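K.L.:
What follows is the residue order along each chain.
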Amino acid sequence: MKLVITGNHAAAYAAKLCRPHVISAYPITPQTEVVEKLACMVADGELKSDFIKVESEHSAMAACIGASAAGSRSFTATSSQGLALMHEMLFWAANSRLPIVMINVNRAMAPPWTVWADQTDSLAQRDTGWMQFYCEDNQEILDTVIQAYKIAEKVSLPAMISLDAFFLSHTSEAVDVPPQADVDRFLPEFNPEYKLDINNPRAFGGLVTAEWYYEFRYKIHQAMQDAKREINTVGKEYAKSFGRKYSLIEPYKADDADFLFAASGSMVSVVRDAVDKLRKAQKKAGLIKMRTFRPFPKEELIKLVPGAKNLCVLDRNISLGNEGIFFTEIKAALANIKAKPMIYGFTAGLGGREVSVNDVMNIAKSIETHKAAEFNFYGLKK
Amino acid sequence: MKRQKRHIKPSKRFKSHKDLPPMSVSSVPTSVNKTGGWRVLTPVIDYDKCISCMICWKFCPEICITAEDKPKIILEYCKGCGICAFECPKKAIKMIEAKG
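Each protein sequence line maps, in turn, to chains A and B. Sequential numbering of the first sequence, starting at 1, is according to our numbering. Sequential numbering of the second sequence, starting at 1, is according to our numbering.
None of these hints come from the bench; they were simulated from the model. From a predicted model like this one, the values you see are computed outputs, not experimental measurements. Please note: incorrect hints may appear among the correct ones.
[To be verified] Only some residues are given here: those of chain A computed to face chain B with a beta carbon under 10 Å:
{"id": "1", "residue": "Tyr194"}
{"id": "2", "residue": "Pro201"}
{"id": "3", "residue": "Val208"}
{"id": "4", "residue": "Trp212"}
{"id": "5", "residue": "Tyr213"}
{"id": "6", "residue": "Lys228"}
{"id": "7", "residue": "Ile302"}
Every residue gets a Cβ at the ideal spot worked out from N, C-alpha and C, and that includes glycine.
Please work from the sequences and hints to get the whole structure.
P.N.:
Next up, the structure:
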């Protein structure tokens with residue numbers, strides 16, 4: 001069934017289709033509509049879930065951790081300051097190997113007080129052990145939530161699905177919402193090996209000395225490596241069931257490109273249009289859509305870039321004191337290969353500032369005419 | 001509620017990361033940790049003053065007071081925090097310097 005819905009509602013419909021036993025959340029703009037819609041579904045009896053209202057995002061994640069440890073599929077959604085408040089619990093979730101799925105609406109961090117799009121909130125959670133997905137459009141949000149449960153429960157790691165504030169969260173698009181029976185067939189029941197059980201009481205996450213802590217970390221790193229394979233496998237399975245294919249990294253006209261863009265989130269659609277425009281002008285442009293950030297698709301990148309002369313990384317985020325975050329990570333991934341393009345970084349659109357097709361064309365031109373520095377603040381009012 | 005004795009499995013001998021569960025999981029419940037040994041002060045109930053209001057039972061953070069007809073402290077788990085003595089409306093609980 002096709003519905004015209006916002007990114008927030010696409011996330012809510014997707015969560016509903018996965019039949020979470022427990023939803024726990026605290027409201028925050030621009031995410032609130034995700035859990036508002038789910039609360040409505042629960043109140044109307046359309047969704048049989050326990051909806052736990054809590055006093056903070058820290059508690060929301062704590063409730064999801066408890067529920068997941070008890071073998072319940074759990075869901076939450078947050079944004080920006082709320083995600084930052086969860087930080088401690090994010091480690092607890094991942095290190096406990098709990099496959100919680102969370103929507104994060106990418107909103108800039110305050111101050112100055114703001115509610116608009118910026119990825120620095122979720123990218124700042126890089127090392128918490130969560131898988132991170134960045135969505136281009138509302139259909140992808142719905143599809144990624146459903147796939148995320150399957151991947152997360154397979155590798156026992158939590159998954160964060162990010163979407164840009166307002167560009168996706170509050171923009172309506174046609175979204176194909178699959179029938180419940182099809183999702184039930186695709187997504188098996190959550191049945192973890194270890195869970196809290198009153199008939200077999202155990203303590204979870206207890207003290208481990210230096211003798212074994214290191215090995216527990218290695219296991220999570222291995223699970224992240226497994227997740228790379230699993231994300232591609234589940235993406236293919238999803239195509240078989242629902243007709244839309246997904247993978248770690250999605251190239252667009254990249255095969256013969258000598259000028260490559262790399263981008264993530266809603267900005268990908270803008271760059272796609274710019275690539276088409278450049279192709280019309282007989283320029284060999286292409287795009288790499290960075291769908292996943294953790295696990296980082298290093299091997300896929302290495303396969304895609306050697307033919308290109310220039311690689312331009314667009315970031316709606318900034319690691320203050322360094323550069324755009326995807327830019328740093330992409331450079332690091334390519335550091336040890338011989339034939340690599342010149343890599344440029346452009347941070348643009350922080351705090352929700354629009355990045356248009358013309359802006360992307362200007363960025364490409366500044367590289368072609370050798371006016372760009374290695375790292376640039378595009379569109380800064382000088 | 002009575003504490004049941006459970007069969008305790010011996011912990012596995014680990015040699016490699018492959019032998020480990022996904023995260024640290026105990027093979028026994030935490031009730032095997034008899035935390036009473038941490039205690040410095042011991043609560044003693046004067047049953048002549050006790051009115052069985054069970055406020056001590058309600059406030060005990062270690063759930064080590066049982067509430068049958070009279071409250072009874074399970075000293076195996078009591079850490080001697082003194083909350084029961086503080087909350088008792090009849091001052092029927094004294095904290096004394098002795099191992100109980």
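K.L.:
Let me make sure I understand: some of the numbered hints might not hold for this structure. Which ones are they, in numerical order?
P.N.:
Violated hints: 6 and 7; rest satisfied.
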